[in-house]
Amino acid sequence: MSRNTISEVIKLKRRLYIELLRLVKTGKLVEEISSLSQKMITKDSPRYRCCEFKERAIFDQRIKAVMGFNIASNKDKSLEELAESLPRQEKKRNIVEVIYTACDSCPIDKYIVTDACRNCVAHKCVNACPVSAIVIIQNKAYIDQDKCVECGKCAGACSYNAILENQRPCSRACELDAINSDSNRQAKIDREKCVSCGSCITACPFGAITETGDLIQVALELFSEKNKLAAMLAPSFVGQFGYQQGPAKIKYALKKLGFEKVIEVAAGAEITAAAESKELKEKIIEEETLLSSCCPAFKTMVLNEFESLSNLISKTDSPMAVTAQEIKNENNELKTIFIGPCTAKKEEALQNENVDYVLSFEELLALFTAHNINLAEIEKAEKLEDAGVLGRQFAYAGGLQKSLQELITVDYKSKQVDGLGRLKKELYLIKAKKNNYNFLEGMACTGGCIGGPSAMISKKAAKKLVQNFAASN
Amino acid sequence: MPKNTLKICIGTPCHLMGASELLELIAELDQNLRDKIELKTSHCIDDCCEQAPVAEFNGRIYQDLNPEKLYKIIRNNIR
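Protein chains in written order, with the UniProt record's numbering: chain W, 1 to 473; chain F, 1 to 79.
In short, the hints are calculated from the structure, not lab data.
One or more hints might be untrue.
Claimed, not checked - Beta-carbon label-pair distances, calculated as ranges:
| no. | chain 1 | residue 1 | chain 2 | residue 2 | range |
| --- | --- | --- | --- | --- | --- |
| 1 | W | Glu225 | F | Tyr62 | 39 to 45 Å |
| 2 | F | Glu68 | W | Arg47 | 18 to 24 Å |
| 3 | W | Lys193 | F | Tyr62 | 43 to 49 Å |
| 4 | F | Arg75 | W | Glu225 | 47 to 53 Å |
| 5 | F | Arg75 | W | Glu165 | 38 to 44 Å |
| 6 | W | Glu225 | F | Ile61 | 35 to 41 Å |
| 7 | W | Arg172 | F | Arg75 | 30 to 36 Å |
| 8 | F | Glu68 | W | Glu225 | 40 to 46 Å |
| 9 | W | Asn166 | F | Arg75 | 33 to 39 Å |
| 10 | F | Ile61 | W | Arg49 | 27 to 33 Å |
| 11 | F | Ala27 | W | Glu382 | 26 to 32 Å |
| 12 | W | Glu225 | F | Ala27 | 39 to 45 Å |
| 13 | F | Asp30 | W | Leu220 | 45 to 51 Å |
What the hints assert, rightly or not - Capping the alpha-carbon separation at 30 Å, the derived lysine-lysine pairs in DSS-like fashion look like this:
| no. | chain 1 | residue 1 | chain 2 | residue 2 |
| --- | --- | --- | --- | --- |
| 14 | W | Lys383 | W | Lys255 |
| 15 | W | Lys380 | F | Lys7 |
| 16 | F | Lys69 | W | Lys43 |
| 17 | F | Lys69 | W | Lys13 |
| 18 | F | Lys72 | W | Lys11 |
| 19 | W | Lys415 | W | Lys281 |
| 20 | W | Lys249 | W | Lys383 |
| 21 | W | Lys464 | F | Lys40 |
| 22 | F | Lys40 | W | Lys256 |
| 23 | W | Lys11 | F | Lys40 |
| 24 | F | Lys40 | W | Lys380 |
| 25 | W | Lys460 | F | Lys36 |
| 26 | W | Lys25 | W | Lys77 |
| 27 | W | Lys380 | W | Lys335 |
| 28 | W | Lys460 | F | Lys69 |
A virtual CB, placed ideally from N, CA and C, is assigned to each residue, including glycine.
Here chain F stands alone, though its shape is the one from the complex (with noise of 0.2 Å):
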């Protein structure tokens, strides 16, 4: 069972900034990494159209995502 969990915000304000572009890092992941998540999409994240892209790892809210930040993200904070 994974440990980690990772929330993409696949609503139309993400998606238009590019949360296409999240789920591609998410399944180009080293096999090694991508076992340790559970990916899950959502339709909607707090509410933050704003800053999009949005997305969730661990309970944490993250925006205006893109891949680079993300993947520091799951870099840093991975259990």
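For reference, chain W alone in the conformation it holds in the complex (with noise of 0.2 Å):
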């Protein structure tokens, strides 16, 4: 996935992020969380739909969001009712998430007809449409767009070719169809395709696609002061934070916020590479393939849509489930916070006891902000030196691989493949048993976790940073 440059949705967002920790901060959450979106959006800050009414609308649902509840669900229940009941025991929701007002059902109708149409005689548009969408008018078919629900079969049937997918962003961004239209032709996300990815987030112009996410129960945790945190480094946070703010700089700020602990992830994916290699001298002698088990989204999308491989994804932790159980071994009272660039790992988050949140570069930036720490102000640093090149160099696509084979000394052969698109087709031939090669290192995000929906900075920039850091110790 290509990072996005920062629209005006990304800011907006971000804004918010940074008001509604203000009101934590103060101790005022649950007093002026209603009125906040008529705080920030007034009858002449710039609109992008039809009133401020409906602007104020849509962004009390992204406030529900950026809470950590699901909109749909709790579309009944008040803002101040849900800050109250902050923080929540259970963990269940959807990460991403509609936001169904927001949704402009994208008038780019899916399916239109182009002048290639030669109002031939066999009419197949016609006769293949299920709901008699298609017509005859001034010698060219025609689409009623009411009555369209975008099947496709139209398309199909020409014999000319002359109808045209026009696909939505959303869906566009999508590798795993995962999202269609529902009858208001609205987005609908399919949660049996569905892998988190945060794709769709970033592709969509209007902002309506969101994730929700635990950045208001952290600063509610950080606020009270009663339990200890344990901040988890992912490997790709080098150079996230700030031109020239170094990892030494992002530790001491993390613990200036509050943190007890601050660890490198890439310590985990150390003790994740060694059991991995374990795992694949096995495969390598059984003349097996292994699958990589640290990406959550290529993980899940080998368990939805290819049942039968899921034997073959390596059974090893991922390295923030091992940095989550070794923080627990030590000090089971304090509660682990995961800081990467990945919606995938919320929901690996959920399903996992020991990592208790997740929060995004920018959401953690968003706290540093709040709470008045420039990290280019500050002088004072706190060395990181949790893990070495074998864990650190996870952070890019061809990492793990590379880790690997510096930890067998037999003869492999492997392949890196980053997208989950391409991976889908890698799939396929694996499943016809027409791989050439032991190990798989799958990878959802282009450059991998480098190139995550959160990612701040360039891939080539960041990648860079990250071999700089891994060379350092």
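Take the two lone chains and join them into the complex the hints point to.
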């Protein structure tokens, strides 16, 4: 997935993060949450929808998601009510969700008739349409868009390829076809297929797809000081928090923010690499294939769509899971917070009792901002030396493959593939036993984790910074 | 010696709102144009964090920037 430029949609979301966090900081979250949309969206602020009232309604739904609540299932609950129930105990929820009020039911008609239509005698399109949406007007097929259900049968039927498929940004971005439209032509997520990769969130120009997060819960934990918190920094964190803001400074800043412990997930990644290399050695002897397990979106895709290959997935825990386990073994009282560029990790954390919360890089930056911590002005630092190159290079595509090659002395073939679409093709080959390697490193995001949906800098810059950091120990 | 000075804020609020994209823009500028600009970074410009990201070009402060806006500012004001 390529990083999108910072649009108004993203800015608005990040401003909302900051405002909500300021309310938490002053202890006025419950009291003032329902008037926040009124404060932030005025009659004169830039508007993208029909009126400020609709803008505010959408905003309020966004607030619910930021607090970690599903919008659809909590639509009758007020913001105050929800804010009061925090921090909540049960972890079950959907990570990626459509804000229905914000979804514009994209007027881009999915199927349009082009000038290539010759008004043929057969009229296959008219016959193929199950809802009688196609009529012939002025010597040309015409699709009644109010009737069209976007099934695509007409496009397949036309002998002249005269009917064009014109996809919406969200469904085009989804390489697993997990986004369809419902009867109101609004985006609908197919939960059987969605792996929470986050592609659709960044793709929607209306900001109508969002993720439910732990930001406010973490802020409340920091505010209450009841529990001690451990920050787990994903290997891809290097350079994500500002120009020339090095890892050691991030550690210091996190401690200043109130975290008791700061640890690199790369430490867990080294354990993962060691365990996975043992598994792989066995597979090499058995002449079988092993699929990597550290990318949760890839793993979920295999489980969802390639059931017969599920036994090929490595049994090794992901670096996040291992790191959280280590922290809990040492001190069970600590609450663990994973900090990364990934939405799929949020999903993985819901199923892992050792990971209490997940923050994205942008969410952590909003926390710093709301607490008036300007990293550029900090001069102190605290060295991070939890891991070496074997763990740190997990951050980019090909890193895991490299670490395993260094741990295994025998000759074997492996392959690295990034991007869910490409991975899907690769899995079909494995299913047909047409692969000539023993190990497949699968990363859902192009470039690996540094190309994740909430990465703050370009992949190229990030890779260089991670490599420098990995070589520094 | 470049005749123009560009100062980009790299403070946390500005970074959150896209300061890194502004720096990327400068790195990708036409060499002709780039040679005329002295690039500096700042920890905070004028305390206007609410209007991040912020930059200063030839002494004038510009707020709520994006790469496209900054490019136009540079083109229109370069000496």
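The hints, checked one at a time:
Distance hint check: the CB atoms of Glu225 of chain W and Tyr62 of chain F are about 40 Å apart, consistent with the given range 39 to 45 Å. For Glu68 of chain F and Arg47 of chain W, the hinted distance range of 18 to 24 Å is satisfied, since their beta carbons lie about 21 Å from each other. For Lys193 of chain W paired with Tyr62 of chain F, a C-beta distance near 44 Å keeps the hint of 43 to 49 Å intact. A hinted range of 47 to 53 Å for the beta carbons of Arg75 of chain F and Glu225 of chain W is consistent with their spacing of about 51 Å.
Between Arg75 of chain F and Glu165 of chain W the beta carbons are some 39 Å apart, a value that agrees with the proposed interval 38 to 44 Å. At about 38 Å, the CB distance of Glu225 of chain W to Ile61 of chain F agrees with the hint of 35 to 41 Å. Between Arg172 of chain W and Arg75 of chain F the CB atoms are about 33 Å apart, so this pair conforms to the stated range of 30 to 36 Å. One distance hint, 40 to 46 Å for the beta-carbon pair Glu68 of chain F and Glu225 of chain W, holds here, with the actual separation near 44 Å.
The hint said 33 to 39 Å for the Cβ distance between Asn166 of chain W and Arg75 of chain F, and at roughly 35 Å that hint holds. For the pair Ile61 of chain F and Arg49 of chain W, the supplied restraint of 27 to 33 Å holds, since their beta-carbon distance comes to about 31 Å. Look at Ala27 of chain F against Glu382 of chain W: about 30 Å separates their beta carbons, and that is inside 26 to 32 Å. Separated by about 42 Å at the C-beta atoms, Glu225 of chain W and Ala27 of chain F satisfy the suggested range of 39 to 45 Å.
Evaluation of the 45 to 51 Å hint for Asp30 of chain F and Leu220 of chain W yields a pass: the beta carbon distance comes to about 49 Å. Only pairs whose Cα atoms come within 30 Å are accepted, and Lys383 of chain W paired with Lys255 of chain W is accepted, the gap being roughly 12 Å. A hinted pair counts as satisfied when its Cα atoms are at most 30 Å apart, and Lys380 of chain W with Lys7 of chain F qualifies at roughly 24 Å. Pair hint Lys69 of chain F plus Lys43 of chain W holds up; C-alpha atoms about 25 Å apart against a cutoff of 30 Å.
As the CA atoms of Lys69 of chain F and Lys13 of chain W are separated by approximately 21 Å, the hinted pair is consistent with the 30 Å bound. Our distance criterion of 30 Å between C-alpha atoms is met by Lys72 of chain F and Lys11 of chain W, whose separation comes to about 20 Å. For the hint pairing Lys415 of chain W with Lys281 of chain W, the CA-to-CA distance comes to about 16 Å; that is within 30 Å, so the pair holds. For the suggested pair Lys249 of chain W and Lys383 of chain W, the alpha carbons sit about 8 Å apart, so the restraint of at most 30 Å is met.
In summary, the hint linking Lys464 of chain W to Lys40 of chain F is supported, as the alpha carbons are separated by about 22 Å, within the 30 Å threshold. With a C-alpha separation of about 28 Å, the suggested pair Lys40 of chain F and Lys256 of chain W falls inside the 30 Å cut-off, and the hint holds. For the hint pairing Lys11 of chain W with Lys40 of chain F, the CA-to-CA distance comes to about 24 Å; that is within 30 Å, so the pair holds. Our distance criterion of 30 Å between C-alpha atoms is met by Lys40 of chain F and Lys380 of chain W, whose separation comes to about 22 Å.
Proximity of Lys460 of chain W to Lys36 of chain F is assessed by CA-CA distance (about 26 Å); at most 30 Å being required, the pair is judged to hold. For the proposed pair Lys25 of chain W and Lys77 of chain W, the alpha carbon gap of about 24 Å is at most 30 Å, so the pair holds. Between Lys380 of chain W and Lys335 of chain W the CA atoms are separated by roughly 25 Å; this keeps the pair inside 30 Å, and the hint holds. With a CA separation close to 24 Å, the supplied pair Lys460 of chain W and Lys69 of chain F stays within the 30 Å bound.
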